[in-house]
Every structure is written in C-alpha cells, then in structure tokens.
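Peer 1: One-letter residues, chain by chain:
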Amino acid sequence: MVGGSLMFPGIVRDLLAREGGLGSTGADPLIPRAPHFTPKAKRVIFLYMSGGVSHVDSWDPKPRLFADAGKTVTVDEFQGRKGNFTMFAKRPQWDFARHGRCGTEVSGLFPHMARCVDDLCVIRSMTSDHTNHYEATLGIHTGSFTFARPSIGSWVSYGLGTENSNLPSFVVIAPKSPYAGGQVWASDFLPGAHQGTWVVPGQEPVANLHRRSPSEELQALEMAAMNRMNLRHRAARATDPLLAARMKSFETAFGMQMELPELFDLSRETDATHALYGLERGSTRGFAWQCLVARRLAERGVRFIELIDSGSSDNWDAHGDMTLHGPLATNVDRPIAGLLNDLRQRGMLEDTLVVWTSEFGRTPFNATADHRGREHHHWVFSSWLAGAGVKAGSVYGASDDLGIRVATDRVHVHDFHATILHLLGFDHERLTHHHNGRDYRLTDVAGEVVRGVLS
Amino acid sequence: MSIIKTMVGVVGVVLAVVGVSAATPASATKPSVDPASHWAFQPVRDPVPPAVADASWCRSALDRFILAGLERQGRKPAPEADRRTWIRRVTLDLTGLAPSQEEIESFEQDSSPNAAEAVIDRLLASPRYGERWGRHWLDVVRYADTAGETADYPVPVAWRYRNYVIEAFNADKPYFEFVSEQIAGDLLARNGPRERYAERVAATGFLAISRRFGFDSENYHHLTLQDTIDTMGQTFLGLTLGCARCHNHKYDPVPATDYYALYGIFESTRFAFPGSEQKQRSRAMVPLIPPEESLPRWRDYENRVASLTRTVQRAGLPVPSALLRSIDDLDGDFELQAPASGGSKGVLVPPWVYDGPIAVTTEAQSPFKHRYPGGRVGASIPAGTQTWRLGQALHRLGRSVREAHRLSINLDLKTVPDTMVGSGSHRFWVGRDGGQPALEVLISAQSLSLRTGLGVPVTLGTVTPGSWVNVQLDLDRKARTVSVRLGTPGSVRSVGPQQLARDWDGVLDFVGLDSGAAGTGAGTETGAAASRPGLCLDNLAIQPEPLAPVSTEVASASIASPLERALSERDALERELASLRGIDGGFEGQKAGSPPAKPWRPGPNSRVRIRPESQSPFTGWMPLGALGIHMPGGPAYDGFGQSLSPAWKRDQTSRLHAAFDFRCGEVPAGGGGEPEGTWRFYLGHGAGTSAAVELFWSGSELFRIDGDRKEVVAPLRRGQWYQVGLVLDLKARRYEATLRGSGAGETSAPVVFSGALYPGWDGAIDDVFIDSYGHRPGPKPALDADNFAVQEAPLPIGHSGLAVAVAENPGAGERRRQRLTEIEARLKTLQEGAESAARELEQLLVEGPFPLAYGVSEGTPRDAVVQVRGEPDQPGQRVRRGALSALGLNPMAPATATSGRLELARWLTDPANPLPARVMVNRIWQQHFGRGLVESANDFGLRGQAPSHPELLDHLTSEFRRTGGSIKALHRLILNSAVYRQRSEPEPWVAEGSPVRPVADSASCPVDDPAAAGAAGAPGTSAAIRGNSSARDPGDGFSPFPRRRLGAEETRDAILEACGDLDLSVGAGHPFPSPTRWGYTQHGPYVASYEHHRRSVYLMTQRIQRHPFLALFDGADPNASTAVRRTTTVPSQALFFLNDPMVHREAEHLARTAQTGSQTRETTESDQVVWVFRRILRRSPEPAEVAEAAAFLAQYRNALKSPASSDASTQALSAWIRVLLGSNEFLTVD
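First to last, the protein sequences are chains A and B.
Oh and the first sequence: position 21 is 21 in the numbering used here, straight run, nothing missing.
Oh and the second sequence: position 45 is 45 in the numbering used here, straight run, nothing missing.
It is possible that part of the hints are untrue.
Among chain A residues calculated to face chain B with C-beta under 8 Å, some are [as the list claims (entries may be wrong)]:
id, residue
1, Asp118
2, Asn132
3, Gly181
4, Gly182
5, Pro214
6, Ala236
7, Asp265
8, Leu266
9, Ser267
10, Thr270
11, Gly373
I should point out that these hints are in silico values taken from the structure, not numbers from a laboratory.
Glycine is no exception: its CB is placed at the ideal position from the N, C-alpha and C atoms.
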C-alpha cells in the first residue's frame, strides 16, 4: 500500500468521548456525517476501465457507422490538433442487440452486462475536456484536468465520514498504478484520512499487513511492553489526546492483521457466489476477485470503493487493433454482472450506487480506411449508473449519427460528478473545502445534476 | 442551511453537519474589509513591547508580547521545562536529530548562565541545521526531483537547488538575498563575484522546478507559469495569486492585469526543459560557470563529442542519443523543437518569438555541414505568406561581443520555387530588439541584398530557387562594418566591407527573420505578400569566433584522434582477417579437439570436432593450414553449417563462388548390410528452407538429385581428398562446378559439370552446411572437410588446385596463424578503444562539459497578453511587465531589455514591501511552535487568518530586518525566550509516575473560538486535524509549549540514527537511469524509489508517485506548496512499526551491535538493555524499566524455538528495541 490511509475513526472518537480532549467536530475526520439532504445512496462502487473504452463498440449503437463504414467524414480536430481532417468511418467490431425488458441495445462485447440492462441507466452523452489519458483520467477522478485535486472518493469520505470504524472509508482495488498514478485517489488538500487505500490484489494487499514477529503471542508481548512504556510516558502528559490516539492505533493495527485478511479471505463465499462472479476458488487474479471483495467492503460500510481493471499499459487503449477490447471485456463483463446480481439479491442495490466509466471513448473514425484500431475520443462517450436512486432500464442522452459528438443531453464530467454527489445527498456546490484562499469543490465552478437519470 | 438529518442505520453516533464551510456559504461572500486597510499590506511597525505584570518571567522583548496576551486572559505561562526536555526540544528543532546522551548530560551539568545560548550557537553552526530547516523551505517551494508531466521525467541536476537551499540556511544567507537569488540568481551572478556564480545560478531552481504538464509539456507552458506565479505568491508574499489567472482576484486586490504583468516576466524567462514523453531529452540546462568560460568549453566539448561520435560510429557501435546543447546554440535549440515522430504539434516555444505558418521539418534541413553537422530539421515558411516573424533575444553573447569586437553569423537558406513567385522578399536582421537593425539581408526568390540603414540595398548575389545557399556575415563592431560571403561549396562570392547602419545605436541583442520591416522605421518595402517565395532556413549561428567555409563536409576543426584514424584501417584488417580465415571461420584459430566455434554451428549430435588430421592438402585458394573438421561416420544424423550475413539476393548479385574440400573415411562396422549413407552439401536460403543447390556423396560416388532421379557425377575414392568449386549464376539460375581429386602424388583430371539451381529456390542465399540428410539412409562414412568459401570474388579453383605436400611449403600455415593472431589482437585493441570512447561519449552526453543546473536564464523579453478566462487562445489586452499594483506598494521598476526578474526581485525585497519579511518571520515562528502567528502561513490575504499577535509579528519582523534578514538571529531571538522554555504540560502538579489525572478536571482544555479561528471551522483546517500541536488553538496564547510528534524525515532519520545506521554525508544526485536511455511515457512513466542511509532530506522525491515512507508519515506534497504539515495518526503507521522490514532490519542491526560490537563492551544482558535504552531514548532506564526489560527478554526468548541460542537473544533484544522505537517517548518532543 502506498499513500493509503487507514484511519479508524473509532479510535480517536472513543478516546475523545472518554477523555474529553477536544471538541466534537473536527477532531475526527471520519466521524459519520449527514449529507445535505436525505440520500438515496449510502455508498458508491466506482468501476473504472482504464485506457478509453470504445463507446461505439459497446453501449452506443450506431447503425450508420455499420452502413457507412469506410466513407469519409470531416472533423475539425484530431488527436489534439486543430484543422480540417478527412477521416474514414470505421465499422464497429461487435454487433448490437436489444436486451432486457427495457430493450436497451448493447453490443456483443459485454454479453453478461447486457443481461443486466434493466438495472442500468446508460448515459450515451458523456463528454470530457481532454484527449490525453493522463488529463482525462485525472478529470474523471478529480474534476480537474490539469492540477492535482482531491479525488471523488476523497470528497465522499470527507462529506460522509465512514460507517465502519474498522475500515478505511475509501478503498481502491487496482492491480497496477493507473495513469496519473496515486493522484487518482489522493486526498490532496483534504485531510490525509480521506485518501484512498490502495489494495493491490495478491499476497499482501495492504503493506505491512503480515506479522513479521515470530508469532502472534510474541507480537502481543511486544505490544504489551510498548503499552506499558507509553502509559508511563503518558502519565505526565495526560492532556494530550494524540498520545492516546497513537497507542490506540497500535491496538487497531494489531486487530487489522486479523480482520483484513478475513476480509480478503473469500473461502467462506459459496460456490454459487464464486460462479456468479466467474471466480475460480483461491484465485486473486482478475476483476472477479476485485468485484467480490468490493461487495464485501460495501457490506462492511466502506463509503467509496473504486475498482480499476488495468493500469497505464495493456489496457483499453486500442490504437492498433480493436479486437484487443475482447480479452479486456472478458475480464470485467461477467464479474460486473455478477456484482450487480449479487447486490440485488442481497438487497444492497437499493442503497448502493454502482458507476461504470472510462476516461473517454474512442474515435468512430480513423485517418486511414483500413486502420484496425481507434484513437482517443473525449467529445462523446458512454458510462452507466445502476442502483440507488437511478432510473433503471433507461438510456440518457445521445451522440450524433456516427457517435462523434453529443447530440442531446450533454453530460460533462462535472455533471456526472454532481449527479453522483446528489445521489449521496450532497449539493455539489456546497460540498467545499477552504484552501489557498478559496473554497474548492469537486465540480470546480460548473456541473449540474442530471435529473433525467434519477428515479 | 442544510437540514441536519439523522442517518438511518447509524446508531449511537453524534452526527455533524458537513463542515462549517460546506454548509454555510458565508465564507463565499466577499469580505467587507477594505484592502487598503488590510493589516498585512500595512507597513511594518516596530511596536513597543507591552507592559506586563510578571516582568521577571520575561527573558526577551518577545516574551512580553506573549505574556501580555496570557495576562489579558487571566492566565499564567507554563512553568519552565527541565534541562533535558529543553535540550532535546531545541536539538530536534534545529537539527532534526536528537541530542546525544553526552550532549544532554553535559548540558545538564553546565551551570553557566549562557549554557543554553552556547547550545543554540553550537546547533546553529551544525551542518545538520540546514538539512532540517532547508527541508521546510523545500516543502514551501514544492521541491521534487522529477518534472511532474505525464511521464514524470527525472531531473538529474535538480538536487543542486535542494543543496543550495540547505547551504543557504547553513550559511545564514540574508533572507532578502536568498529571495533575490531564487528569482534572479542568474542575473545577479553575471555582475557578482565569480565564486558565487554557481550558487546563484543554482538558486533559480526555485523557478525551474515549477510543475510541468501534459505529454508535450511545452504546449502547457502557460500552466507551468501559473504554477510558478502561484508558488511565488504563496512563498514570498503569502498571497494566492493563481485566482487572478482567469479573472480579477475575488478577495485580494490582485487584478488579472497584475497576474499577466508577472506572467510576462516569466514568459520572458527561459526555463530549463526536463524532457517529456514527446521530446525525451532535456534542454537549456544552465551552466554554473559564466559565459566567457562556458563558451570556449562548449566548443571544446562539441569537438570532443563530434570526434567521439565519429569514432563510435566508425566502430559500428550504437551512438547514444542524449543531446546537450549550449543555450546559445540557436540551431541546436531549433533541432529540439522538432516534433517527435507521432507527436502532436511541431511548435516553436520560448525563447523564440514567432508568428505565422512556420513549420519545423526535415525538408528544411540544409545540406551544409561546416557548422552544425548533426542537424535533422530546419524551419520553413510557405510561399505567399502574408506576415511572419521568428526571432530570439541574444543575451550571453553580449559580453563576448563587447570584448572581442568581431561577430560571425551563419545562415543557410533556400527559396522555394512557386508559380506565384514575384518580387516579394523576406528579411533577416540583427540589431536592437524592437529598434534599429544594424543590418538587414533581404531575400527574394532569386537574389539576396544587403541593406544597412536608409541606403539603397547592395545586391549580394543571385540565388537559385530550390538550391541551398550559405550566407556568412562578419561584423566588426569597432569599425562598424560588415563583410558578407554568399555561396555554395567551391563557389563563394564576397561583398564588403560595408558600413553598418549609421543610425543603429550599437546594441546587438536580437536576431530576427521575418516578412518585413516591422519596427525598423525605415519605410522599407519588401514587396507584396502574395509574391513572396517559400523559404527554408537552417543552421543559424552567431558566434564570436570565425566560421569555417561553407561545405557539405564536416568541418575539420577537430583533428581525428589516433583511435579514429586507426579505426579507418579496421575495415582493411577485417577484410584480411576474413580472407585468412575464409568462411571456415578460421579453423586455424580454433582449438583442436573441440567442436567448431562461432560462426559455425555444430549439428544436433555435436560430434563434430576440429582436428589436425582433417587438414586438407589443397592450397589452391587458401594457404595450407593445420586444422580441419571431422565428423565420425555412423547412422545418426549429424552436420555443421554457418549462417552467412547479409544474404545475397538474386536481384543484387550476379555470381557467387563457393568451394569446399572433403574426404570420406570408412563406414563404421556393424552396419548389418545396410546400404551406405550419404552426406549433403547445401547452399541456399535458411538452414534447409530453400535450397539453391545441393550435392550428395557417399564414399564411392558424388551425385545430385533432380526430383526422384539420381544422377552420378563422378566416382570417388575413399581416403582421397577432393575439392569442389562452384560458380553460381544467380540471375540465370544455373551453376557450374569442378571436382578435383588429390591422390598421393597422383593428378586427377578435374570433372566439370553444370546444372540448374533448384526451381523452388526463392532467390536468396544465406546459409551453407554439410549434413548427413541424404538420398540414401544408412550409416554414412566418416568425413573430413576443410577450406570452405562462399564469396562474390572468384576463387582460383581449377587452376592451381594441385595438392602441395606440407613439406614443400614449410611455415606457410604458421605464418598465417601468426598473422591471424596479430590481426585479432589489433582488432581487439581497437574494439576496446572504441568501447571506451563510447563510454566517454555517454558520460559527456550525460554530464555535459561542466556542471549544469536545472535553472532559468533570460528568454526573449516581451510583455504578455491577458488570457481571457485563462485560455491561451483567447488573447486580451497586452500588459506591461511588472509586479502587483494595488497593494499600495511602490510600483516595480519597468524592465525593457530583460525579463524583469531582477526588477521583481528588487520589488520583493524593497523595505517598503512588508509582506516577504512578515511571511518569512511567521514561517520561522510556526516551525518552532507548530503554529504561526498567522495560521494561514501561505495566505496573508483578506481571506487568510488574522495574526493572533500582530504586534509580536511586527516586532520580530523589525528585528529580522535590523539584522539584514538573518534567520539564525531570528532563531536565537525565539529560542532564547521564556516562551520557548515552557513545559508542554500546563501545570507542575504531575510528578513523574503519578497516576493519570482525569482530563475532565483539567482547566487548560482549550475552547474553540470561532472568531479567532476565522475559517478554521472547515474540516481540514481545524487544529485537531492539523495534528500534533493539536491541543492548541489561537486562544492558547502559545502556552504551554506544544508537544509534537516527529515528522516524516525526522522519524526515518531517528530510527537510522538510534540504530547506528545513519550516514551523515551530504547527498548529491540520485542513481537515475542514464538519460541516453530515457523513453518514459504516460503508459510507462518514470517510477522509482532509491534507498540509502543518508538523511531523509536527500531521498529522491517524485512528483507523481510519492515516496511510500514519506507519504505514510505525512511528508510534504511535492505537487503544491506545503506551508504546514498535517500530522495524522493512522493504524497503517502502527503497522509500519510492527511489521516493516526496515524497522526489523534496523532493530536487529542495533541488537547485534549491542551484543557483539566492541564499542559497547557490554557483556551482560542488562548492560545491553541499558545501552540500547540510552542509545534510543537518550536516558538511563529506571530500575523498574530494567527489570521490565529483563522479564520481557526472558519471556520472549522462552517463547522461541531454541531459547538458549544466541540467535534467540538477538531476536529478543531486537524485539525490545522495536518496542522502544515505536514508543511515544521516542517519537514525540515535549
């Protein structure tokens, strides 16, 4: 774990309650807080596909793109350059079909998710500000495309605190570092307790989680000795609550060595659940493990759980060949469908917001007629929302005939964020933090709640 | 106001509104304070210390300000801390390291009245002081060792600025000088003492370390400048200027025009370029020596690099690609502006100023190599361009020009033929920026002319559209003349000397290329735009020394090195070697009894051996050797062969000659009556893929195969040597062959035969082998073979192929072997020389000709244009370069021919500017007391927090100024105070070891005072989250002294130091990969962490990926200015102390030292306990603690598998050490 924070509000709070050290507010950054109004969602599972998923090959059916494949199209910007460019429309790699009672069209890229469309609100009019991975990734996570700012997960943690004093409020499960690195989950100027805890699938998902002393008994002996030292030290310094907080943090850390492995231990999950996610028993590989762990974190009250499927390479960035979307889709498709079904079966979809997005889409056209990949495309792309407060089985917004620009109901990244915060009970204009002489917010100076996606 | 609502499902928890500022937009309203009366903008006063009731408590004037505040609250200061507490506090405070046990004891026993002062003086004189206090400055200026753009390029010389800061604190550099050097050190260096040149240039790292953005970071330079201005404002002025980028500052009196006045200063400044995904090499690093020294060394360096490059190239080794160029290398600078392949925009960037459709392209590369031999690109302007310009200020040449009054200018150009070509012309000029040119060269499609002043232009000569022409100008500034040479190699025309323009004022600070006469005031008409020809420009050079004549050859300025000359003979040596070896790969040089070495590949069964008995007697084309190759007979498949590279291709080569000698032996016994197997000779493409020709033989016959048909060519005799010569006509797809036998003294008539190459052959030949794959299976005879050849040159086969007895040619083989050995040794020497040259070249390319800094230099001075809403492509009005206009301060002196940084530095350090001194004094106070007199240390604006003790702030600021900005004097003032001597507990009632008194009874628990706290109610800025000085708020009046936990760097240093593993040497650069191999991208960014045992301030700090340890313990964010560190208490920190390998390693290190180290001489376990106790906690343990430790160790050992082993003792002692390292006592400062 790098830069992750495991702040357990219980420690400080208990001490404060018992010892009356400080006033109630402010002392504990993770104390549960009520949002501005009654929320629909209590937590978010944010599924982020790294590299730019092609919207016209997945969620945004474009019959014209099939019909007019190879025909020329003129655009005024290409890969960050302005000018008049003649491009060739490229046929999508996967065919589309209607699914579910709602009949939303989804391509064959995501056969399992397609069966969940009655739970989804697909947004086909997403738009971002930047054509580059780094900036667009920063944008979809922090609302800022240039300077580092707090991540959306940090803002949610800052706004809501945590329900479970034994777990961090914001957890990111990612096998690799994404574009823009740890800035994606950094709390930046918000208190460090709100930064995402990076869980890396594998043997030691959180740094220093494994006991290094020869046995539990011996470690307990060390802890007891340290406690005696600290109690003696504290005898003459009784007014300082942070000395006590630090003592308590050792106790919690000791406990965490037991509890966190339990959290990551999926052995008690049934075969049926494993099958639902498409997870091989004992495996920590792939998105299925991430999705199942996400459900367990959600059950235990973690506020914001982000899953990143890949890193800054070997991802959805299919410049060379669109068929490379295939294996990436296989990695996430069934696990995500499994997660949605699992949440619904457990009644958790009612108060959990599930978000699926990428940093941008991919060009419906190419510079040459026979090019097999697609380039970056931030003018329009697709995302979806599901669960708490979301108009299930719906489609919001549309791109133009070829999927090049937004045609109706534009949803900018700021609007997307405003809507997520709204579902959590926040007025995005009032969730602010004073820093460097002004009040900052996730949505900068823009953003409107997209009413059309709300149930 | 939001509704406070209980959340369903959360029980027993007090719910709070989301922060005060989140719920109440009050903070968003404009403050009613008039900026003109805002406290921070008022002049610094020198207030009289207030009267106090308990004057005896006060040790200094500052104490009276603090005490007066406490007395107003009806409080008393906390009692004085004991001597141990004080010396530990002050030592950690000033050096970041704990005092040694000896230092503590010596101070405890020192009863002299100035003992404390002596300690302070000793600590301030320690080099450790700068490492501690420099780190705070590095927090504020968001120091990092990487650039921060999408791939986070490493900056190998960034450390020079880090060390500059550390040294500045150690040297107690006057603060105003410190400020000035960081803004304008390069300019101050020019006119300052030589010995301070380097440090002043390095100081500008403050500007250079500004964050870079994007994958082509030069395209986002406006954001970098935003970061520069933002950080500069917070660092020196305590103002957040960034808001004014898009609009007038909402709260502080900073209009957008002020922002762009500053912007103009930094836009006129040249920032060293660290490299980025698009342009992966750094540029414009700043020399740490003055131009008059650096320019000649650059020339020597360029010559050395050129010579080494030629050597390395000639040796066929890869040439490293890193480029380091002199700042004055106009063409080289140009070269690096070219878009990388696949890059987005081939833009020009500052210091170039430019307008119009200028492209940097490979088509515009000049063929002339007398000045810049390594170029790849030039600039081009399309025909018919209306207006364009391209220019750059000349700075560093200025001094040289004045001293040596001659100046040479080189320009290569080509007009581009176009149907529209008419009489219009372009212009090339040098002279005064924005003023009068000294001379102008007018370039029309077919001629060049020279104009100086108002006179009629003098025709220089004609040019041919589409052909490159070289122009060289020799300026004599004393005589005010110019001579021109115009031409191509072998055809140069000279003109002049001509008088330079009469009304030119002698200033030469600009070189320009453009479409017309803008700014000349000379009423020049350069013709209609539509008739202007296209133009290519390259190799622009301006230099004090003469130019070499125009040439397409590399100038011979540098004499070829002996190695370089020797390398030119290498080809001949290699040819000779090849001919001596033949393609038999020098069997002669190989080892008898071994399988054949490279280039041969033995067959799968590897029974092939080199041996003397297999030497062929033929000397027809190769001298008689002593070794051949042998393959035993038998049924198993075997063979050997060689790949020939490069391949011969049918469409490139007409004839190919091949030869080999062979002799068959007996078939091994035990064949069981099977027919005898055969051998095959193969020549073709690939190892059997596409044969051109094959020959087969057994012991008794040579034959070939055509489909299923076998055709015997000649009978063979077992035990006799044969030589086969082949001539392949690749085009005609036929071959002719000769088979010659050599019996004992017997002459065989050669058998000549011919045939077609295989019809399926694909036209390439790159492989030859002999193997036992054959027409006939069965045990094959033993085989000897020798004298292989495949070559384009004819072989003398068939002419002198008679066997020559060894005796007839004595010594020939020996001579050949000797010559082979000689050549091989010579080639080895040359290769080693070339490799050493390659290493030297790499080192030169990485390090440059002299130390360089990541700093800034002067660019092309220009006023900036306001960017409407902060968008660079929405230009507004142009504003004069300057500083802030509306704080009621003196305006900044205008800059004209310079960026204005020097003027900005003067404005910042002007005694009339109250902000910089106040801001710095507050920072120093804050670092001593955990909280500033102004809590918002980076924001003294209207939205910042008001000072808790405004008079004290001004008192200290006045003192600070009186000492000329001595930070050490300020430390003394503060540290010698009674305030600093207070205990960190409020009352003296608790004795050591007393039971914990219920906190509820404590009277000292502070109460939030929202009025005093300002916006502090917002989550994140409240005192509690800010951390270890948590029991404090502005109402506490700085009493008692705040307890704090060690910071990130202190924690790591403390662990290393306590365990005897801290390396106190000064850090320098980091072990970055060589820049010649950089290829970082956003997909594969630079990520690294380099461990060492030096102090943590020397750890490599990355912008994008934080150092794991520093991030865990709340180190500074290297992305933005960190004025105050927040300290958090999180279990992951506890996990570090419990489980991190570093803690375990260090603890074990100390345990082993205690148990075995001769220095300790501690024998018993309790001695060891006492020793480690003193080492870590710097005190002797109480008897109870010794007993507790003994019990712990015994219990620990007993729980281990073999309690009696020495390893068990070490493990137990290590565990005890970890207990001490993790204790609050070790990690907190009272």
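Peer 1: With reference to the structure, classify each hint as holding or not holding.
Peer 2: Here is what the structure says about each hint:
1. Asp118: Violated, because the Cβ-Cβ distance from Asp118 (chain A) to chain B comes to roughly 27 Å (cut-off 8 Å).
2. Asn132: holds (6 Å)
3. Gly181: Where the cut-off is 8 Å and the nearest Cβ of chain B is about 4 Å from Gly181 (chain A), the hint holds.
4. Gly182: For Gly182 (chain A), the interface hint holds, since the closest Cβ of chain B sits about 6 Å away, which is under 8 Å.
5. Pro214: At about 6 Å, which falls below the 8 Å cut-off, the nearest Cβ of chain B leaves the hint on Pro214 (chain A) intact, so it holds.
6. Ala236: holds (5 Å)
7. Asp265: violated (18 Å)
8. Leu266: violated (22 Å)
9. Ser267: violated (23 Å)
10. Thr270: Check failed: Cβ of Thr270 (chain A) comes no nearer than 26 Å to chain B, outside 8 Å.
11. Gly373: violated (14 Å)
Comparing the model with each numbered hint stated earlier shows that hints 1, 7, 8, 9, 10, 11 do not hold.
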